[in-house]
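Undergrad: Below, each chain spelled out in residue letters.
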Amino acid sequence: GQQVQQSPASLVLQEGENAELQCNFSTSLNSMQWFYQRPEGSLVSLFYNPSGTKQSGRLTSTTVIKERRSSLHISSSQITDSGTYLCAMEPNTGYQNFYFGKGTSLTVIP
Amino acid sequence: EAAVTQSPRNKVTVTGGNVTLSCRQTNSHNYMYWYRQDTGHGLRLIHYSYGAGNLQIGDVPDGYKATRTTQEDFFLLLELASPSQTSLYFCASSDVGGSSYEQYFGPGTRLTVL
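Heads up: the protein sequence lines correspond to chains A and B, in order.
Numbering of the first sequence is given in the working numbering, commencing with residue 8 and proceeding in unit increments.
Numbering of the second sequence is given in the working numbering, commencing with residue 285 and proceeding in unit increments.
I should point out that these hints are in silico values taken from the structure, not numbers from a laboratory.
As the structure is a computational prediction, the values presented were derived from the model and not from experiment.
A few of these clues could be false.
Calculated cross-link-like contacts (lysine-lysine; reagent style DSBU-like; alpha-carbon spacing at most 35 Å) [to be verified]: (1) B:Lys349 to B:Lys295; (2) A:Lys109 to A:Lys61; (3) A:Lys73 to A:Lys109; (4) B:Lys295 to A:Lys109; (5) A:Lys109 to B:Lys349; (6) A:Lys61 to A:Lys73.
For reference, chain A alone in the conformation it holds in the complex (with noise of 0.2 Å):
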């Protein structure tokens, strides 16, 4: 079954306003991290990021492992903020499997 949900699906922001992305785990997780694809189809890796809060500029990750979720809080939007964010997680399962939501597509407009 779909192990990772992240939601809302698509989101538009106007520049300057802040967006906040979940990923909601159906099992115990060992390590998780979150990604931006690119629109041409790179991925990039935002945060490594298997419990607490971690920050990096205008990004906030946090996992909350008890309650198996994780969030993305982008704050001050910008245009190039614009694409997919995607979440990963490895289940604590023993194997190195990792499954990936299905992404957010964020578009900030003027």
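Based on these hints, arrange chain B on the given structure of chain A.
TA: Chain B only, in chain A's frame:
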């Protein structure tokens, strides 16, 4: 920073054709992975390996073979390509057992099977 390269970047073949996608990582990671990405499905794991000569089956292995010839090199083989294998393929590596299981991705290969 880990470097993962893929070749070719784009490939067009015909149904029944033979295709090999190549991946090389230069950071001495033990694990390497092949994924495919399709609209509506996200990234799905095809095969992965934890070292030269090792192969593990992922979630969507049908129609694919893979071979890890060295620590650095991991190949994905489509011996009888079908249109359903038209996709964006990613290779990744990670240092499982180290301080972090972070995955590093290559730039992707767009494969079209006509």
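Undergrad: State for each hint whether it applies.
TA: Going down the list of hints, with the structure as the test:
1. B:Lys349 to B:Lys295: 18 Å, holds
2. A:Lys109 to A:Lys61: 22 Å, holds
3. A:Lys73 to A:Lys109: 22 Å, holds
4. B:Lys295 to A:Lys109: 24 Å, holds
5. A:Lys109 to B:Lys349: Measuring from Cα to Cα gives roughly 25 Å; hence the hint holds.
6. A:Lys61 to A:Lys73: Answer holds: Lys61 of chain A to Lys73 of chain A is near 17 Å, not above 35 Å.
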